[in-house]
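Going down the list, the sequences are from chains D and B. In this text, residue positions in the first sequence follow the working numbering: the first is 10, and each later residue adds one. In this text, residue positions in the second sequence follow the working numbering: the first is 33, and each later residue adds one.
Because the hints were derived from the structure by calculation, they are not lab data. Just so you know, these numbers come straight off a predicted model, no measurement behind them. Hints are not guaranteed to be accurate.
Listing some non-contacts, in silico: residues in chain B with all C-beta distances to chain D over 10 Å [claimed, not checked]: (1) VAL37; (2) THR44; (3) MET108; (4) ASP138; (5) GLU149; (6) SER154; (7) ALA211; (8) VAL269.
Beta-carbon label-pair distances, calculated as ranges [as the list claims (entries may be wrong)]: (9) PRO60(D) x GLY162(B): 55 to 61 Å; (10) ASP195(B) x PHE134(D): 55 to 61 Å; (11) GLY162(B) x SER182(D): 18 to 24 Å; (12) ALA242(D) x SER57(B): 55 to 61 Å; (13) GLY49(B) x ASP227(D): 54 to 60 Å; (14) VAL92(D) x SER165(B): 19 to 25 Å; (15) ARG106(B) x ASP266(D): 21 to 27 Å; (16) SER165(B) x LEU122(D): 38 to 44 Å; (17) GLY31(D) x THR246(B): 56 to 62 Å.
By construction, the Cβ of each residue, glycine as well, lies at the ideal position given by its N, Cα and C atoms.
As a plain string of letters, each chain reads:
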Amino acid sequence: MSILASEWLKVRSIRSTYLIIGLSLSAVLLGLGLAAMAAGMYDSAPPDKRPNARIAELEEVLVIVPQLCMGILGTLAMTSEYVTGLIRTSLTVVPRRWPILTAKATIIGFLGLIVGPAAVFGTYFVSRWILGDRFSGAYTTEFLDRLPILAASSLTVPVFALLGLGLGALLRSTAGAIATIAGLVYVIPIIIGNLPEPWSERLGSLMIGALPRQITGDGNASSVFGSLLPPAAAGACLAAYAALPVLAAIWLVRRRDV
Amino acid sequence: MLDAVIELHQLTKHYGGTLAVDDLSFKVEPGHVTGFLGPNGAGKSTTMRLILGLDAPTSGQALVNGRRYATLSRPMHEVGALLDAGAVHGGRSAYNHLLCLARTNDISATRVAEALEQVGLSGVARKRVGGFSLGMKQRLGIAAALLGDPGVLMFDEPVNGLDPDGVRWIRDLMRSLAAEGRTILLSSHLMSEMALTAERIVIIGRGKLIAESTVAELTARYPSLEDAYMALTADSVQYGAAR
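Let's have the full structure, built from the sequences with the hints guiding it.
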């Protein structure tokens, strides 16, 4: 408990935490801007074109903002200690070592669980408010029907936060961990998209971006990834993205010289 | 507190093919300052990391109060250490930095304020550490080591970056901590300063023990502690790149 209090203070006592959380929540403002722009375009389009106008679910597009930001927060929670050398002091005062990582994971995961839904649901509500029944009623679906996918998208945010933490601890390098996360989001999906079938769809189904819709069971055929996993397997896959790096880090930090 | 000692038994550490600490055995006793000397790269910092359980020895062992450091549950109450004054997050205030450390060992915020007072940083307690001079960071590191009021203290070059005022302050602090019966291991390259501060001296070179003696014995045999150091380490001066 005392270690949890210490790690909580570590997170609270530096400005970059607030900056990163603010940036994560800026997804809502981006959503507001994009929705207003789309509404303007829709309203100025000739009436006969309007029925064919489509819009992507903005909260599912913009979730990438809190994903990356919280991934960076998780990374920095670990690498800022390695870069400064503070990790030596931290591990000296807690020689068992692993409680430091579990405390960090608890706090970073908790922040992700707050920030993720705030960003996703916030984006959803401002989009719904601004777009109304435009775009063939894309945002007039009952909120309760949209709730599962909104929740599943929100959950990817703490997953990214913990993935960042785990990679930060394993690689001990801010650049390395953030590059890995960015690669996972941007580069690997492009490579996988260009693989021959069936590998493109098989591997694509495992990408984080593909998991929320597989978890809710409304995997659509138009997904750029793939949708081969049943909901439970997709949920397990999402959990593994967070758990495996953190568990590997806990295992390694107990053995590694610092 | 009189049985509080650091004991090294045939401590050895390899990093890949490099032998950093080689079959090193010595004891550090309570009640006086023990100076820890050796050329750059001799293995002083590695030895301190091995004592603190940060690095695992290849063979041999280091004991603090008769136990391996890694088995201590609230170590700040037994051992305080300053390895690298720069190892702080520049964005955190001095007070929060210390409080983060204190919390892990159930040390109170009152004690944090006391430690800041003791090292003369009360006035800048709420300032971000990034703006501190090296001397101020050394004082902050010393405050961190003192937080748990430990019987064993280790300082790796704490005098670096301090002004003459600070150098004298460290000297007086070390001696008064030793006079309270604590065990103090202090590394430094400033021989004149060490001659004034330490009573016993351990000299290592290339990871091996070169001499374990008292300042009085060394200055009786040689013109000064500096001359003693130069003579004893003449064969051990080397730099990493020469390997």
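Structure-based check of each hint:
no.: 1; hint: VAL37; result: holds (19 Å)
no.: 2; hint: THR44; result: holds (14 Å)
no.: 3; hint: MET108; result: violated (5 Å)
no.: 4; hint: ASP138; result: violated (5 Å)
no.: 5; hint: GLU149; result: holds (20 Å)
no.: 6; hint: SER154; result: holds (18 Å)
no.: 7; hint: ALA211; result: holds (25 Å)
no.: 8; hint: VAL269; result: holds (26 Å)
no.: 9; hint: PRO60(D) x GLY162(B): 55 to 61 Å; result: holds (58 Å)
no.: 10; hint: ASP195(B) x PHE134(D): 55 to 61 Å; result: holds (59 Å)
no.: 11; hint: GLY162(B) x SER182(D): 18 to 24 Å; result: holds (21 Å)
no.: 12; hint: ALA242(D) x SER57(B): 55 to 61 Å; result: holds (57 Å)
no.: 13; hint: GLY49(B) x ASP227(D): 54 to 60 Å; result: holds (58 Å)
no.: 14; hint: VAL92(D) x SER165(B): 19 to 25 Å; result: holds (20 Å)
no.: 15; hint: ARG106(B) x ASP266(D): 21 to 27 Å; result: holds (23 Å)
no.: 16; hint: SER165(B) x LEU122(D): 38 to 44 Å; result: holds (41 Å)
no.: 17; hint: GLY31(D) x THR246(B): 56 to 62 Å; result: holds (60 Å)
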